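We have chain B; now place chain P onto it with these hints.
There are 2 protein chains.
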Amino acid sequence: MNDLKQAPVGVFDSGVGGLTVAREIMRQLPDERIVYFGDTARVPYGSKSKENILKYSRQIVKFLKSKGVKAIVVACNTASALALDEIKDEIDIPIIGVVKPGARTAVRSTKNKRIGVIATDATIKSELYTEFIHELDSDITVVGQACPLFVPLVEEGMLHDEVTDEMAKRYLAGLKTENIDTLILGCTHYPLLRSTVGRIMGDKVTLINPAYETAMRLKELLEDKDLKFDGKLNMDENEKYEFFVSDAGGKFRTFANSILPFDIDTITQVEIEEYIV
Amino acid sequence: MNDLKQAPVGVFDSGVGGLTVAREIMRQLPDERIVYFGDTARVPYGSKSKENILKYSRQIVKFLKSKGVKAIVVACNTASALALDEIKDEIDIPIIGVVKPGARTAVRSTKNKRIGVIATDATIKSELYTEFIHELDSDITVVGQACPLFVPLVEEGMLHDEVTDEMAKRYLAGLKTENIDTLILGCTHYPLLRSTVGRIMGDKVTLINPAYETAMRLKELLEDKDLKFDGKLNMDENEKYEFFVSDAGGKFRTFANSILPFDIDTITQVEIEEYIV
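Sequences listed follow chains B and P, in order. Heads up: the first sequence runs through residues -18 to 258, numbered per our numbering. Heads up: the second sequence runs through residues -18 to 258, numbered per our numbering.
Keep in mind the hints are simulated off the structure, nothing from the lab. Be careful, since some hints might not be right.
Said to hold, decoys possible - Partner residues are not named here, just some residues of chain P that face chain B (Cβ under 7 Å, in silico): (1) K29; (2) N33; (3) E137; (4) E147; (5) E254.
All figures in this text were calculated on a predicted structure; none of them were measured in a lab. For each residue, glycine too, the CB sits at the ideal point set by N, CA and C.
Chain B on its own, in the form it takes in the complex:
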């Protein structure tokens, strides 16, 4: 058996949001180990420059490689949009982001060729969803909408709250007049607002959760490269899944325990700036 098959998958995000992607990987690939890194010292990425996002992503890739991962999932839309292309050429293990799988599924889903994207400022401004969608079908119209308060609202646990409803109504008002039939939840926090967004957009709009599509894509990729673990792990969750952060303060544990189907025992702080690139 290929030893590398037993290696974990690395997953990283600017903070807690990527846990929605890790959760999908746990569901769809229950026998894969995961090393998760949340860049809680430098969260949020959404308002930062491409130059810094690229530097941060390189540092995290270096850290994950030091943990012996066999593949990396960039579970952050901003980093997928701004850093993935460069990093892909710099490393010798497979790496995928969340943007392409989300874009591909949206293209398959739309009937009227009108797709909406909601995301952070940086992701919307990067227009990368639009770019990927147009690579697949240049006839599709893509309408982007930044929802900057969604991340703080989710991180405050205000998933079902009239304030969140009000902000969602404002952010989505423009999209509702655009006759889209498909809407990409283009930030890893947004699947946690799926019910609110779905209610406002109505039944005729299909919501695309890139976390789900990314886990599917990871499975294909591991199979293609003969890297998928084909044994059975005799480990509990806290052995199978390791969690690292760049700042131990804040609410990582609370938030993680509210998202994941088990309680995390250990969260290890890493001096990420020491991973010089």
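For chain P alone, kept in the frame of chain B given last:
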């Protein structure tokens, strides 16, 4: 004339919030030059650990000293609360924060010895306002309330908005039952919500803006140390005031121009992590 008198004052914050303090210094000390540093790459500080806040503050102090400042104002409540005491012992120029001046004025203001503090999670948890207030008068009751959504709401420009009103009502509901007569706006963004907070708290509660008090304290300090510039500067605002950030992305310029009484010409990006401490 003492050459050092002509040196600028360094002012730093995790981002744009400290501009409310810089603005007060510009008003009260119109002939002092200012070098402002906003740590936009690592904002917000409010959810980060003491260890990281201390490291970041040391790096910024090193940067400001490289610009030849004669004194430093820590225009960030979190850094004032978590890093100022250590840093004060490490440097050879005067340094003040925003917490002590705010606490001192609140103690002078209260008649019924009941003071409220609203701030970020980290500032409230540090209990430093409580500590400073109790050093001055241990009979005073201090009631703290974290308002985590205020910073993103202010940064989205939602200063006069029903969503901000609703969040303010929720955050302040507990304080309203505490019979406080004085409320410290313990985060540099909060003076921009002064009218909302004032309306909810009512006329009988005096709002304390530490930015104002800090500029007063800076003036005293410069006089005491014979560092106050006593000439007249023949410079326009964009010569007198220099602005540096750790990340040029985001909304620093828009926000700064909405707060300051002039438009900033140049904002320079600094690789702050290269200031190794």
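Hints the structure fails to honour | none
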